[in-house]
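**Q** Keeping the supplied structure of chain A fixed, place chain B upon it in accordance with the hints.
Chains A and B, in that order, are what the protein sequence lines are.
Note that this note's numbering has the first sequence beginning at 1, numbered continuously upward.
Note that this note's numbering has the second sequence beginning at 562, numbered continuously upward.
Bear in mind the hints are in silico, worked out from the structure with no lab data behind them.
Keep in mind that the hints are not guaranteed to be accurate.
What the hints assert, rightly or not - Taking lysine-lysine and the DSS-like style, the derived pairs with C-alpha atoms no more than 25 Å apart in a straight line are:
| # | chain 1 | residue 1 | chain 2 | residue 2 |
| --- | --- | --- | --- | --- |
| 1 | B | 657 | B | 682 |
| 2 | B | 703 | A | 320 |
| 3 | B | 848 | A | 320 |
| 4 | A | 320 | B | 796 |
| 5 | B | 920 | B | 995 |
| 6 | A | 320 | B | 605 |
| 7 | B | 981 | B | 969 |
| 8 | B | 796 | B | 861 |
| 9 | B | 848 | B | 861 |
| 10 | B | 610 | A | 344 |
| 11 | A | 190 | A | 286 |
| 12 | A | 320 | A | 344 |
| 13 | B | 848 | B | 796 |
| 14 | B | 672 | B | 843 |
| 15 | B | 971 | B | 981 |
| 16 | B | 848 | A | 344 |
| 17 | A | 344 | B | 605 |
| 18 | B | 605 | B | 848 |
| 19 | B | 672 | B | 682 |
| 20 | B | 751 | B | 913 |
| 21 | B | 995 | B | 981 |
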Amino acid sequence: MKRNHPGLIAIAIAIAAFLFIFLIGPILTVVYTAFTDGQGNFTFSHFLAFAEISLMRESFANSLYVAGTTVFFATIIAIPLAYLTVRFQFRGAVLIQTLGVLPLVMPAFVGAAAMQLIFGRSGAVNLILMDNFGFSIPIMEGLNGIIFVETLHYFPFILLNLSASLATIDSSMEEAGQNLGASGWRLFRKIIFPLAIPGYIAGASLVFIKVFDDLGTPLVLNVTNMLAPQAYLRVTSIGIEDPIGYVICVILVLFSIAAMAGSWWFVKRRDYALVSRGGAQAPKRKLTSWQTAMAYGWIIGVLMLVLSPHLGILLMSFFKVWSFSVLPEQFTLVHYATIFTDAKQMIWNTILYCGLAAFIDIIIGGAIAYIVIRTTIPGRQILDHLVTVALAMPGLVLGIGYLRAFRGIDLPFGMGALTASWVIFVIAYSVRRLPYALRSCMAALTQVHPALEEAAENVGAGRTRIIRKIVIPLMMGGLLAGFVTSFITAAAEISETILLTSRESLAPMSYGIYLYFQSIAGRGPGAALSVVAITIVALGTYISHRLAAAATPHQQVGNRT
Amino acid sequence: MRHLFTRSTLASALLALLIPVGAHAETISVVTSFPKELTTAYKKAYEAKYPGDTVEILNKNTSAGIAYVREQLAGSRPEIFWASAPDAFEVLSGQKLLVNIGPGNPEIPSKVGNYPVNDPKGFYRGQALAGYGMMWNTRYMKANKLPAPKEWSDLIQPIYFSHLAISSPSRSGTTHLTVETILQGEGWTKGWEQVLKIGGNSAAITERSFGVPDGVSNGQFGIGLVIDFFGLAAKNSGMPVDFVYPSVTSIVPANIGLIAGAKSPGAGMRFIEFTLSDEGQKLLLQKDISRLPVLPAIYKQAPADYPNPFSGKIQAKVNFDSTLSESRYMVVRSLFDQMITFRHKELVAATKAIQDAEKRLAGRPSAQLDEARQLAFSPAVDEKQIKDPALLALFKAKKGDAEASRAKAKVEEEWASRAKANYARAITLANSAK
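Next up, chain A with everything else stripped away, as it sits in the complex (with noise of 0.2 Å):
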């Protein structure tokens, strides 16, 4: 079945160009303006000015510190949870569950502007403190705040990473430890959560990237001195052409590159490889009494902090007036009724983008994955790499290589200026969610076996038929997953896209929001369009979900290696 059809060969050729001239060239735009002069010529001399501003220093140090103490409190909330979920006997696993998927349904910016209602300076929670203890908390303040809010939207990487990896550590190494007299901490410090290093590392690599990268956060918290904002702010005040902005980029491309790869350094740096998996799970022990009191304390606490957001940003959406009160006053339903009339088109583009953007991913993932897996085309393995090129991505920087790169383009039939347009951002929702779809493409195409495939072969089916009557059909529970993921998460997207949006017409969502949270009679409206988006996330996550449980009826582990 191993055999290279001309067609794929071009097909296979027509992406990596897609992703060069989409992923790739922006990004050596980025770099090479980093690296030269006026002239074209090379020079070093952006760096040494971005090293001689003390205030560059001091972003790169907080933006370190936060990212650092992200992942470490981010450890801190997942790991007990982790561990509950896959070692106890716990009716609280659904609980948990949920706990991994609400932070990421809300923008992190969108839920710093609501927990400053109730964490802030007079935040309910502070208010409530001042009038009855004399003291607040000033969680909310400064690079506090940002690892505050950081931590609650991402620390679900972690935990389904964690527990992921937990799920298929055998047992018997669990009882080995017991017989040699270990249990409890120890059993779990010297020999659970090593052989669950995978899974951590892949999670905490992931949110130290995230946290590093973000600029929606630290711009509603009113915090500059980070490296993602001070590259925002210096492109958009000082204009395209200032150089530091690009040094900037270049160092969180980096980080980011380095996160990455050191994370799979580490772990491929030791065999973490287990001869049995899967099948010989450890029993779930039962929880005493008194843990189980602790274990629900731990997820009540963890899911009140992380509803909070949620919760704010509902109530701000239907009342009038939140003003140094523990809760607001005034209910209304007048910002429902305003965004229906003056934000539908943003609804409207934020379905056509992200929805074009997803078709899209599903269309190069899927094939991405056919050839990578079904063919022998030499290089293969490279659109793969290219792909993860774009997760390790930040979209800050895609988004100022987009400007530089495509400044001047104009599109064809009189559509004005590339940079101007609707068709950036479907290109560029495609090209940073494409991970995430060829990764659904990749799970589904290696659940269809080869032999289907061959007996079409074998009774006259040419290629183009077998994949449109059997791999497709076969894959479609994948495809609408992979579909559905990156749709809602380019939905929430961001960075990439305040900088790309040129003009109101063409905002999707996500900046709508941006922009009525800017106005004071604009923030009922911009929660109620908040309350949209999460509401249409949540249910494309549900779905997904449903779809993803739906293609894989039983556990798929193990099947790789």
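**A** Same frame as chain A, now just chain B:
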């Protein structure tokens, strides 16, 4: 199956192509820093009157707006630039990015106080008037037992420590105007002393000018330095806030101009005339907009307590000099950021130490305390240096000029490190003051 597939692909491709093109003949792109309520109101009213045209809003803060216009090629630039800060228009017309459109509606007076409503050279027109003042949250003030301020100088009192908020001139044109107004009203050295003390009393230097009224409305901050319509709009939308104009304020026009090299200058001009017509001016009185019209007749339709700059009720002691402001625009912006925005933590600590020492000494004179104040509250550029043409030229150099941008970065670095060292020294001195 195949047919269905191709047909639906074709249909979606066609649909996708149709959406952005639209049926309108002329599109007016408006670069503006104004909030969505205002732009939506004008867009709706204008499109209702001229159904053939479409208004496109490009919402950008003032400095990002200037950068955006500059980077577009002639012929594909947006039509309208509409923002509060007059100096932004000076910058644009200085770079030949505005068309000379002359004065408009003859019923609009040529001056408010001593300040010309329209650009005397004719490159832009005043569309609304704005004064700068202080807005506070009445619940916050009551809970913290703070008196309402009347003047900028009230804000430097120790009781307001950590209760204020201000934005940064580099991020908000209106904040730049407020700072420049104080600098012109009080003089360079004394003005900076006041600005630095206000910065030291501030809980936050917000990234956007809107961060200030937003934080005051929701009770995060007590008092904010804001442009009047933020305060008035919040008050008129039912928020527990109040607003006052201090005497050192200037009433200046928020302007509108036609960008040179725009796609449809004719339609652009039509939009400008609309904003200055009776209809266009009346929109400013809407509760969630609450701005001051330039057309005096409109005030007859306003609520009784609506501020009227033509009645002489708002006293503007400062005659704002926009040429002076424009000449040192970039220096003031950068100076503020290097001394206040980016060193805010240190400035607050120094302010606290000095205020504590003042309390401890209870009015007794102290050389150490005087020196601490001198260190913490003096600008890194003195009165003489700010008139130095070399310094001003350095900050106006072309962005592509690598040499100049290195030199500029070096100057800024010098300011930043001096400010940091001064704040640290001021803290030591204040703590040991006897």
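**Q** Checked against the structure, which of the hints given earlier come out wrong?
**A** Hints that this structure does not satisfy do not exist here, as all of them hold.
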